[in-house]
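Quick note: the sequence shown uses this note's numbering, first residue 871, plus one each step.
These are computed hints drawn from the structure, not numbers from a lab.
These numbers come from a predicted model, not from an experiment.
For glycine and all other residues, C-beta sits at the position ideal for the given N, C-alpha and C.
Do not take every clue at face value.
[Unchecked claim] Across the chosen pairs, the derived CB separations fall in these ranges: (1) F919 with T1071: 48 to 56 Å; (2) S1063 with M917: 31 to 39 Å; (3) W958 with P909: 26 to 34 Å; (4) Q883 with D998: 45 to 53 Å.
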Amino acid sequence: MAATQGGLDVVYQAESRNCRYSELTIKTRRSAILISKDPRHTYYIPMTFICGKTPEPSDLLVSVNAATSNANAIFNLKTIGYSTRYTWDVVEVNVETTDPYMQGCGVTYASDELFKPETPQLYDDNGDPQFGCKIDLRTAREAAFYCPEPYVLDPPNCFSQVYVDGSVKNISELSQSLSASHSNHFVILRLYSSLVGVGETLRQTPPLECRCVTVKGIVLSTIHIENYYGK
871 MAATQGGLDV VYQAESRNCR YSELTIKTRR SAILISKDPR HTYYIPMTFI
921 CGKTPEPSDL LVSVNAATSN ANAIFNLKTI GYSTRYTWDV VEVNVETTDP
971 YMQGCGVTYA SDELFKPETP QLYDDNGDPQ FGCKIDLRTA REAAFYCPEP
1021 YVLDPPNCFS QVYVDGSVKN ISELSQSLSA SHSNHFVILR LYSSLVGVGE
1071 TLRQTPPLEC RCVTVKGIVL STIHIENYYG K
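Given the sequences, and given the hints that come with them, work out the whole structure.
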């Protein structure tokens, strides 16, 4: 799984004089991003805990078979038991995810690992790396962009609107096969090949662009969408 820093905490509190029991607490924050990297569990992350008491040496009973109770007695003939019966429980917790795991980028900590590692880096015309990513939508089929507060999306309705050669365009005017949506924290663009319209062709350029900017317009991250079907 992947999570934003401090997004999910598992805290163990041992027994104390004031409390007869150990305590395991799972905490999450409303603003947290929780993502499952397991394709078998996209909506919930299963977590399993085993609860029980570790036997103390004084709790163990060791008996030796009388027929072998001599210097050559074989150790594995000893029977180890408990003077007290213990109950062990398996506790399963399903942690609900907040967002999908896909190629994408945005304003994040590198350690968060919120997007698939095969997401291509964005480069400028001189070949220098930029803060952002370049998604081949025909291959990836979907892309995500993350712009947390206090920063804002540019254009504001990304991916319903995108920059094309510096001009804002409605995605519905560009292609019938592109669908914009959002999860709890990401804006998402998906390609549906079955919906490619008449006259639409595969386009590598110009890229469809969205940005995450400060309130003063400083660009923090940029996403480029290439290899999409458009008019």
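Hints, one by one, checked against the model:
Between F919 and T1071 the beta carbon distance is about 54 Å. The supplied range of 48 to 56 Å therefore holds. Taking the beta carbon of each, S1063 and M917 are about 37 Å apart, inside 31 to 39 Å as hinted. Distance hint check for W958 and P909: the Cβ-Cβ separation is about 31 Å, which falls inside the suggested range of 26 to 34 Å. Taking 45 to 53 Å as the suggested C-beta distance range, the pair Q883 and D998 conforms, at roughly 50 Å.
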